[in-house]
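Visitor: Residue numbers (the numbering used here), protein chains in the order written: chain A, 8 to 483; chain B, 21 to 160.
Any given hint might turn out to be false.
Keeping only pairs whose Cα atoms sit at most 27 Å apart, straight-line, the calculated DSSO-like set for lysine-lysine is [unchecked claim]:
1. A:K347 / A:K286
2. B:K76 / A:K286
3. B:K76 / B:K143
4. A:K258 / B:K143
5. A:K438 / A:K120
6. A:K28 / B:K143
7. A:K258 / B:K115
8. A:K286 / A:K64
9. A:K424 / B:K64
10. B:K115 / B:K143
11. A:K12 / A:K454
12. B:K115 / A:K261
13. A:K124 / A:K345
14. A:K258 / A:K28
15. A:K143 / A:K438
16. A:K419 / B:K115
17. A:K15 / A:K433
18. A:K433 / A:K419
19. A:K286 / A:K258
20. A:K438 / A:K454
21. A:K15 / A:K28
22. B:K115 / A:K438
23. A:K261 / A:K286
24. A:K124 / A:K258
25. A:K258 / B:K76
26. A:K347 / A:K124
27. A:K15 / A:K64
28. A:K347 / A:K64
29. A:K286 / A:K345
30. B:K64 / A:K261
31. B:K76 / A:K261
32. A:K64 / A:K424
33. A:K258 / A:K15
Worth flagging that the hints you see were computed from the coordinates, not collected in a lab.
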Amino acid sequence: MFTEKLQKHGEAQWVIEPFGKMRVPIIIFADEGLIRDMDEQVYQQAANVAALPGIVKASYAMPDAHWGYGFPIGGVGAFDPDDGGIISAGGVGFDISCGVRSLHTGLTFDQIKGNEKELADVLARRIPAGVGSEGKLRVTSLEMDDMLQAGALWAVEQGYGQRSDLRRIEENGRMLGAEPRYVSDHAKQRQEKEVGTLGSGNHYLEVQRVAAVYSDELAKAFGIALNDIMVMIHCGSRGLGHQIATDYLAKMIKTAREEGIELADKDLACAPIRSEVGKQYYGAMCAGINCALANRQVLTHLTREAFAQIFTRANLTLLYDVSHNTCKVEEHEIDGRKKKLHVHRKGATRAFGPGHPSLPEDLQATGQPVLIGGTMGTASFILAGTAEGMTLSFGSCCHGAGRAMSRSQATKRWHGKDVIMHLAQKGIIIKGASPRGIAEEAPGAYKDVTAVVDATETAGLARKVARLEPLICVKG
Amino acid sequence: MTEARWELYSHPSDIGVRGLGPTREEAFAQAALALTSVITDLGKVQPREAVDIECKEEDDELLFVCWLSSLLYEMDTRRMLFSRFEIEAIEGGIKARAWGEPVEVARHEPAVEVKAATYADLKAERQSNGIWLAQCIVDV
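Using the sequences provided together with the hints, build the complete structure.
Guide: Encoded structure:
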C-alpha cells in the first residue's frame with residue numbers, strides 16, 4: 008500500500024503525501040537499495056506518527072529506519088505545543104538517551120600494536136558489563152537526585168573525568184529541566200548499582216583504528232588522523248531509563264484516552280506537551296538523559312584508567328557525545344518564523360550544522376560531530392552535521408546500521424564461538440560473557456552501515472569525516 | 021489438549037515472548053518462562069528463593085505488560101533470574117510468587133538483558149479454541 012505512493016524527491020529523499028489520518032507527509036531519507044529493502048512496517052509506523060496532534064512539517068525516517076515500537080526506529084517527529092502538540096514516551100524509547108561517545112586516545116596503531124590482547128583483558132576486567140553486573144559506585148537516593156539533575160557535570164564533580172569533557176557533550180553534559188521527583192522510586196532503585204555499567208545486547212565499548220579519512224579539513228578540525236586509535240562507547244540510561252519509559256508509557260495510554268487522542272498503536276502513548284503528564288514525563292525524561300550522560304562519563308573515567316595501566320602516553324580526550332533516543336526542545340525555523348518544538352528522535356541522532364549556538368566555540372565552523380556505530384566486524388563512522396540538514400530533517404540523521412535479521416535467525420545461523428574466531432582472524436578481539444549474545448550481535452545480522460552512511464551524506468543530512476575499524480570490542 | 025507451554029517468536033529488532041495455557045494465569049506464567057529463556061537456558065535457573073508480586077490493571081493486556089514489567093524490575097534490582105511461577109487471580113489483577121536465584125554470570129551465561137516489555141504485538145485473550153494466549157515483544 009505504501010510503496011506505490013512513494014515519490015522520489017531527490018537522490019536520497021522519498022515522500023509519501025498525507026492520506027487517511029496523516030496530518031503531514033512522510034519523508035524518508037534512503038537510496039534505491041535501502042528503499043528496496045525497507046521494512047513495510049516503517050511506512051505504517053511513520054504514517055501513525057504523522058497522524059499525531061501538533062506534528063510539524065513531516066514524519067521523518069532516516070536511512071537506517073526499521074520496525075520499532077510506535078515510532079519507527081530511525082524516526083523523527085517534531086511537535087508544536089501551541090498546536091496541541093504531544094510528547095510521546097514511545098517517541099523516545101525505552102533506553103532514554105542511549106548514545107555514543109567517541110574519545111581520542113593520543114595513540115596511534117603502531118603504539119598499541121602487540122598490546123591489544125592485554126588492553127582487551129584490562130578493559131574487560133575494568134568495565135562492568137552484562138546482566139547482573141554492578142557499577143563500582145553505589146549511588147544512594149540523596150546522591151541519585153543530584154545525578155539526575157546534573158548528569159555528566161555531577162560525575163565530574165564526583166571525580167570522574169574533567170570539566171573540559173563537558174562542552175563536548177550535548178547540553179554541555181547537563182540536561183536542564185530534569186525533575187527527579189517525577190522519576191519513580193522503582194526507577195531509582197534500579198539504578199543504585201548500575202551507574203557506570205555498559206549494559207548488554209548492542210551496547211559495547213570499542214577500541215578502533217581510523218582506517219579512512221573522507222574530509223581532510225573536517226578530520227583536522229576534529230583532531231582525527233589516519234591510524235589514530237579511538238574509543239567508542241555505546242550505551243544509555245540503564246535500568247532507570249527503562250523504568251521511566253515503562254512507567255510513563257502506562258500512564259500515557261490512559262492520558263491519551265482521556266484527551267481523546269487516537270493511538271494507532273499503544274507504543275505511541277503520548278500526552279499533550281502542556282498537560283500534567285506531559286510535563287512530568289518531560290521532567291523525568293530529562294533526568295533519564297542526565298543518567299545516561301553521567302553513565303558514559305563514569306565509563307570514560309574507567310576507560311582512562313584502563314589505558315593508563317598499559318600506555319603511559321595515553322591521553323583520552325572527548326571528541327563528542329551524542330544521544331539518539333531523546334525529545335529535545337529546540338528552536339527551528341518554520342515558514343520564516345522561529346518556533347520552539349519538541350523534537351523526538353527515536354534511534355536518530357542530532358546533527359546540528361555549522362554556526363549552531365548549541366555547539367562549543369571550536370565546533371562552530373565544522374558543525375556537530377555525529378558518531379555512527381557499526382557492528383563488531385565492520386566499521387563505525389564519524390560525520391559532521393550540515394546547515395542543510397537543519398531544514399531537511401530538523402538537524403537529525405541516522406544512528407547506526409539497524410538489524411537485518413531477528414536475534415533467533417542470527418543464533419540459527421551463527422555460533423558465538425565461530426563469530427569470535429572469525430573476527431579474531433581479522434584481527435578483532437571480542438570480549439563478552441555469552442556466546443549466544445555474541446551470535447545475536449554477529450556482523451551479518453546487521454544492515455550495511457556504509458550504505459546507511461552514504462545515503463545520509465547523499466541526502467545532505469551530514470558529511471562523512473572518517474571511517475573507524477574495530478580492534479577490540481567489549482560487550483555485555 | 022490444553023497443555024501449557026511457552027514460545028519465543030521472531031521480531032526484526034528484538035524478540036517476542038508468548039505463553040499459552042488453559043487459564044489466563046497459566047498463560048502469564050508460561051510467558052514469564054519465555055522471558056527468562058531470552059536471557060538464559062531455563063534449566064540453569066534453580067528456583068531457590070521466592071519473590072512476591074502483585075499487579076492490578078484495567079484490562080488483561082495492560083495487566084500482562086504490568087506482570088512482565090514487575091518481573092523485570094525484580095530481576096534488575098535483585099539481580100535474579102526466575103524459573104518457576106505461581107499466579108492466582110485477585111480482584112482487579114493477579115497475585116504471584118516467582119522462584120529463582122541470583123545471577124551467576126559464569127553459570128548462567130546471560131545472552132542479553134531485557135530492557136522492558138513493550139505494547140508491540142500485545143495480546144492477552146482467550147482464543148476461539150479456548151486456550152489463553154499472552155504475548156508481547158520485549159526490548160533487549
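Visitor: Would you mind marking each hint as holding or not holding in the structure?
Guide: For each hint, the structure was consulted:
no.	hint	result
1	A:K347 / A:K286	holds (15 Å)
2	B:K76 / A:K286	holds (25 Å)
3	B:K76 / B:K143	holds (17 Å)
4	A:K258 / B:K143	holds (19 Å)
5	A:K438 / A:K120	holds (18 Å)
6	A:K28 / B:K143	holds (25 Å)
7	A:K258 / B:K115	holds (21 Å)
8	A:K286 / A:K64	holds (23 Å)
9	A:K424 / B:K64	holds (20 Å)
10	B:K115 / B:K143	holds (20 Å)
11	A:K12 / A:K454	holds (25 Å)
12	B:K115 / A:K261	holds (23 Å)
13	A:K124 / A:K345	violated (53 Å)
14	A:K258 / A:K28	holds (24 Å)
15	A:K143 / A:K438	holds (19 Å)
16	A:K419 / B:K115	violated (37 Å)
17	A:K15 / A:K433	violated (39 Å)
18	A:K433 / A:K419	holds (23 Å)
19	A:K286 / A:K258	holds (12 Å)
20	A:K438 / A:K454	holds (22 Å)
21	A:K15 / A:K28	holds (22 Å)
22	B:K115 / A:K438	violated (40 Å)
23	A:K261 / A:K286	holds (15 Å)
24	A:K124 / A:K258	violated (48 Å)
25	A:K258 / B:K76	holds (14 Å)
26	A:K347 / A:K124	violated (50 Å)
27	A:K15 / A:K64	holds (18 Å)
28	A:K347 / A:K64	holds (13 Å)
29	A:K286 / A:K345	holds (22 Å)
30	B:K64 / A:K261	violated (39 Å)
31	B:K76 / A:K261	holds (14 Å)
32	A:K64 / A:K424	violated (48 Å)
33	A:K258 / A:K15	violated (39 Å)
Figure legend: structure checked against the earlier numbered hints; hints not met, in rising order: 13, 16, 17, 22, 24, 26, 30, 32 and 33.
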